[in-house]
Every structure is written in structure tokens, then in C-alpha cells.
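S.K.: Residue-level listing of the chains:
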Amino acid sequence: MFRCIVLFTPLLLLPLFLFAQDNVDDLFSLPDETITGSEEDDSNNTQSADDSEEEAGEGEEQINLAALTQSEPIVKGSVSLSGALVAGFKEWDFSTDGESLSAYYTMDSAFSVDVRPTSDFRFFSSVKVSFDQESLGISSPTVNELFVDYTLADTIFFRIGKQTLTWGQGNLQGQMIANPGNLVSDISDSVALKAFLPLANNGLTLVAYPGGTSTSPLDFAYAALFEASLGPLTFGISGKFQRTLDQALIADLYLKTAIAGFDLAVEARMDFDPFPERDGYLEPTIQAVSNIFLDSSIGIRLLGEYSFAYGPNVRVYTSGEEKVAEAGEHIIGLGFLLTSLFANDWRPGIRWFHHLSDGSGQVITGITGTIAPNLKADIAVPLIYGASGGYYPRENPDPGKRKLSLLLRFTLSTSF
Amino acid sequence: MKRRITDNPVLFLLLFISTVGVLGAQDSDILANIDAQVSYESDFSAEYTITQYKPDQGNSITRAAMFRRDIDDKYLILILEPEVDKGKGYLKIGNNLWLYDPVSRRFNVTSARDRFENSNLSNSDFTRSTLALDYEIIGETREQLGVYNTRVYDLVAKHDGVTYPKMKIWVDDNALVRKFEDYSLSGQLLRTTAIPRYQSVEDRYVPVQIVIVDALRGGNVGGAFQNERTILAVDKPSFTELPDLLFTQAYLERVSR
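The listed protein sequences correspond, in order, to chains W and Z.
Residue 1 is where the first sequence starts when you use the working numbering, and the numbers rise one by one after that.
Residue 417 is where the second sequence starts when you use the working numbering, and the numbers rise one by one after that.
Check each hint, because a few of them may be wrong.
[Unchecked claim] Pairs of lysine-lysine residues, derived as PhoX-like cross-links and limited to a Cα-Cα distance of at most 25 Å, are as follows: (1) Lys-128/W / Lys-470/Z; (2) Lys-162/W / Lys-504/Z; (3) Lys-502/Z / Lys-470/Z; (4) Lys-584/Z / Lys-162/W; (5) Lys-584/Z / Lys-128/W; (6) Lys-584/Z / Lys-76/W; (7) Lys-504/Z / Lys-76/W; (8) Lys-574/Z / Lys-584/Z.
[As the list claims (entries may be wrong)] Which chain Z residues face chain W? A few, computed with CB under 8 Å, are given here: (9) Arg-479; (10) Ala-481; (11) Leu-494; (12) Gly-510; (13) Tyr-564; (14) Arg-567; (15) Arg-594; (16) Pro-612; (17) Arg-613; (18) Ser-616; (19) Asp-619; (20) Ser-654; (21) Val-671.
Derived from the structure by calculation, the hints contain no laboratory data.
Heads up, the beta-carbon is just placed ideally off N, CA and C, and yes, glycines get one too.
Sequences are here, hints too, so could you generate the full structure?
M.R.: Written out as C-alpha cells, the structure is:
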């Protein structure tokens, strides 16, 4: 036993010597006593194995799986205050009549409780409180999530309650390109039941939730997603049925792989009206998205996305009026971000969206960084172009509807 | 006059092809034997302590739980420390790495990411050894590596799906790889990996300590260039069967915080 310790200790210390000498070959100047080689070694190892068994009885021999999903209650929170100044022009003639200056301020705080009394059971709740700029008061607390997790026989995973869930391959969703594969985008509006079963080399997710105000299970939304990997390819097949929708049946398929360091994804969704005999029958709607993504080790992040939609409710603004898109709606987006080339986490980037059908678009050039502990700054120059009825001028997120502006924002935040 | 085999070109060609085939098969057997020492037919779990040293930034320590199922080409890594990353996990199925965003409750899968947690470790470092599938031997020598009399094999990749196109490995008399040198296609040394200690667990070998030195990345300390390095220590190795749910994306969701 003592001999093992005498021989063992230098082996543990060798990596430290390596730091000074930077020659890995020095790590092999002593033999590996844990590998048997002779009868004498065998007898020594038998004795040391007995000693090891004694020591193992005193401590854990393997990872405690139950402990990984069990813990004392954890309370977490975060708070964020931000103030922004935006100055710009509402018209391209840059006249003083079109000048505009605005100030915005927000305050958000969130609290969560995570309770895991046993390895199979979990309760989680998160609440958010925000500052309402219109009323200059604090909004009523809103419950973001409130759910219970239960794992049955280490095989089926259930989540029941108000929960967030995102499907689909769209990367620029919420940034003015749709994520058509997110068939459950409205799940957080109410409570839901989700179940996951291992299947093939990954699994099947089943979801059921009220899709509207009706409490009848016949009017609920029922969705399923199966995802698996085959060699370099990952694929997913999903579907949803909700009879209260005009197009009650939805099917979606995606494929994802990587080529030359880029992630490539293609996804297509089709919405059907399964009741052709009803009044107001709608022809199928087709949506598709494809994207490439690169997050390189040298601090460059690239994203390109193309979105397509075609159907009876897909409309575009052309020739001064809005009409059904006979050739479909086409949108492209490109993003470029430098993530680690500058000190203080400064990240310059540029993002461009263009609506191919109506010629409108949005370009945002900006930089974000840390100027002090817990204090971040954002400087951005948003530009909106295209006819006033076009998609991006209409969907301009700037409350002042400026076409060219300079934004300066400071955010003070912390989490605990 | 004696006829030599070289007088009959067809016979010579057949003998040459069969010899090359036999040698190729022998090389494949060599690599397969090396793979077999550290590939496991049953589930494997262990606790990994990863110490990352960046010369201009100091040390960072990550403790993680590792679960492997080599027969399905899967593994799951769950971060235990530091506290800020606790609950973060990675699920690798074949070439595809699954990540979970607890804010949007969304899974993302990528085949393109290679480095683990921005360390000198590659995701391929956690999978089973597949030298026989991925490489062929193009050269062999013998070399003394400390107290080990090793066979040194020069390897070149058979296909593009590997992290390192060229490799050099030092193998001891137990068919255990003690040292790797990973090279780019142009022959530039990218990193050096040393495995000074293995542990015998249930008649299988488990690397206990792995030291990786990045040949390219580093920084100046006291006027001298020092390479980035990572030390991986393996504790609590076990071959106990693990639940199927553990190797699915749902487990990432279950453990996230």
C-alpha cells in the first residue's frame, strides 16, 4: 500500500512538472503501476486490488445517477434595467420635419424556483415582473412557466403544466423571419402535457394542449415530433392536428447536416384542410426554410437563411397594394458577428433581411460590449428600406417608425 | 535454367496484390487490436475533471459526468462544476452533437462543432477509438518513450470525416496508446496527447490521466511562449448498465437548470 502511494504520488505530480518543462515525454519516466506485467506485479496488484476494494467500500465506486436529478430547492433570479436613446429620420429627404428623437427604458426581473425532492420528480416555476413604459408602473407578475417533470421507470419523461417549447430549424425566428417548423409556438399560452419516449437512436415527443379557449379535448392541439440521426444526417418528422384551425392538419420535415464546418438545414411544412367538403375550404399552404450556420473557433459567426411561403393566406405588397402572393413570399437573411476578436467582449456585427417579393428590407449594423461590471452598451444603426406598404416598413420594430436611426443603449443586469 | 517468379509477370502481380492485401489486413488488425483495448461493449460511465491552462488566462477546472454507449456510438456529458454551468449537457449521437437551450427550451443539433467547451479537447476524444475504421498505417518504427519500448505508427486518414488527417501513435507492449501526435493535412503538428496512466477495470483498460498540449495556441508568459494545455483525469469508472433515456435529448432537458 505504502509502495503504491510512493509510486503514485510522482505520477500525479508529473503534469505539474510538465508546465515548467513542456515536454510530454517526461510523463513516461515512471512505469504505469496499474498495468500488470509479471507474476511479481500480479501478486503486488492482487494485494493492491484488495486494498483498493477496501478503499472503494469507503467511497463511491461509480457516479450516483439519482443524485444528478435530485437537489435541494434552488431559487434563482435576474434583473435587467436598460435605457436607450434613438435618433433618426422618418423620411429619406432627411428634412428636419422628419427628425425624430426618442428615449426608451425597461426594467425586467425574473425569479424561479426549482425543486427536485426525488430523482424522478421536479417542480419548476418562473415569474416575471416588468416595467410598463406606457403606464409608468410595474406590470402584474406574469407566470412564464409552472410545470412538473416526472420520469416513469427511467424510460418515459413527462412534463405537465405551463411550459415553453420550441421546435423547428429557423434560426432567425423572432427577428422577422418565421420559424415554420415550430408547430407548438402557442404552447406557452396555456398548460400542456408533453411526453418523451426513447425511440430509434433518439426519441418521440408527444404534446397535447388547448389551442384556444375551448376546454373540450376534441378541440385540443395534438402534436408529435420524431428526431433521429443517421450517419452525418439528422432528421425530424413532425405533425399537428387541431380541428379548430382552418387548416387543421400540419406536417413538417427537416434534414440537417454539416459540410466544411457549416451546419446546413432544410425544412418544409405543409398545412392542409382535411375537410374539403366544408365551406371556406383552403388550399394547402407551403412554408420552407433553409439555412447555413458557422460558429468558427476564430471568433466568426455567420448565418444565412432563406424563407419561402405559398398559400391562400400568404400576401405580399406589390404595385402599391397587398395581394395574394402568386409566386410565393421569399425572404432572405444574412448575419455576421465577430465574437472574440476584441477585448471587453465587444462584438461587432451586421444583419440584413431582404424581402425578395416586395423589395423591402432591413439592415442593422452594430456593436455590443461590456463597459463595466454588469454594464453593457449597444450601439446600432438600423436602416429600413422599401415602399411604405412593404413587409419591413410595416413590421418596423421601432415605435418611432424611423427609416434610418442611431441607437445607443445601456443595460445593467445581474443574476443570482 | 531456374525460373524466377519475376519472370512470370502475371504470377508476380498476383503475389504482389495478395501480399499487399495481407499486409493491409495485418495493419487493420493492429489498429483493431489497439481499438479493442479502450472500446467497450457495455455502457461506460466516469467522472471527468478537466483542467484547462491558458497561459494568459490561468487555469479553469470543469468537472463532468461522462456516459458512453459505444455499441450505439453515443455519449452524454453533463457538467457538474463550475456551478454556473451545472446542468449543461451535450449529447453526441454518431457525428451529431445535441445541445439544449434552457431559455427557449429548444434543442439544436450540429455536426460542425469540434472543440469541447472551448478547450483543447475534441468531441472525438470522448468517443470510442476507431483507428481501424478511420486510418491506415503508412510507416512503423520502434522508439523508447521514457520507460516504454514502443512501436510508433504513422497513420493517414482513410476518409474526410476525421478530426485529424494525419496521426502518429506510440503503442506499448499491451497495445495501449501512450502518446498521440495529431497533424494537419500539410503535416503541421496540431496537438500532442499523452496518456501516462491507464486503469484496469473489469478486464478492460480505462485511461486515467490524459494530457493534451496544443501546438498552435498559447501565450507569452514572462517573455516565453507557453502552449495551452488540458489535463483530463478520470475517476469512478464503471461498466454498469445505464437507462436508455439517458442517451436521449430528453435527459438534457431533465437535468438542465
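S.K.: Work down the list of hints and note, for each, if the structure agrees.
M.R.: Outcome of the hint check:
Restraint check: the Cα-Cα separation between Lys-128/W and Lys-470/Z comes to about 39 Å, which exceeds 25 Å; the hinted pair is violated. Of the pairs offered as hints, the one joining Lys-162/W and Lys-504/Z holds, with about 22 Å between alpha carbons and a cut-off of 25 Å not exceeded. Taking the CA atoms of Lys-502/Z and Lys-470/Z, the gap is about 22 Å. The hint holds against a cut of 25 Å. Restraint check for Lys-584/Z and Lys-162/W: not satisfied, since their Cα atoms lie roughly 54 Å apart, outside the 25 Å limit.
For the given pair, Lys-584/Z sits about 55 Å from Lys-128/W by alpha-carbon distance, which is inconsistent with the 25 Å threshold. At most 25 Å may separate the alpha-carbon atoms for a hinted pair to count; Lys-584/Z and Lys-76/W exceed this at roughly 49 Å. Distance check on the hinted pair: Lys-504/Z and Lys-76/W sit about 16 Å apart at the alpha-carbon level, within 25 Å; holds. As the CA atoms of Lys-574/Z and Lys-584/Z are separated by approximately 14 Å, the hinted pair is consistent with the 25 Å bound.
Taking 8 Å as the C-beta cut-off, the interface hint given for Arg-479/Z is violated, the closest approach to chain W being about 11 Å. A cut of 8 Å between beta carbons decides the hint on Ala-481/Z: the least distance to chain W is about 5 Å, and the hint holds. At a threshold of 8 Å, the smallest CB-CB gap from Leu-494/Z to chain W is about 6 Å, leaving the interface hint in force. Residue-level restraint check for Gly-510/Z holds (minimum Cβ-Cβ distance to chain W is 5 Å; threshold 8 Å).
For the restraint placing Tyr-564/Z at the interface with chain W, the shortest Cβ-Cβ distance is roughly 6 Å, inside the 8 Å limit, so the hint holds. Nearest Cβ of chain W to the Cβ of Arg-567/Z: about 14 Å, over the 8 Å cut. The hint is violated. Because the smallest distance between the Cβ of Arg-594/Z and any Cβ of chain W comes to about 6 Å, under 8 Å, the interface hint for this residue holds. With a cut of 8 Å, the hint placing Pro-612/Z at the interface with chain W holds, because the nearest CB-to-CB distance is about 4 Å.
Using the Cβ-Cβ criterion of 8 Å, the hint placing Arg-613/Z at the interface with chain W is satisfied: the shortest such distance is roughly 5 Å. Taking 8 Å as the C-beta contact cut-off toward chain W, the hint placing Ser-616/Z at the interface holds, the least distance being around 6 Å. At about 11 Å, the closest approach between the beta carbon of Asp-619/Z and any beta carbon in chain W exceeds 8 Å, and the interface hint on this residue is violated. At its closest, the beta carbon of Ser-654/Z sits 3 Å from a beta carbon of chain W; the interface hint therefore holds under the 8 Å criterion.
Against a cut-off of 8 Å between C-beta atoms, the interface hint on Val-671/Z holds, since the closest Cβ of chain W lies about 6 Å away.
In the structure shown, a violation is registered for the earlier hints numbered 1, 4, 5, 6, 9, 14 and 19, in ascending order.
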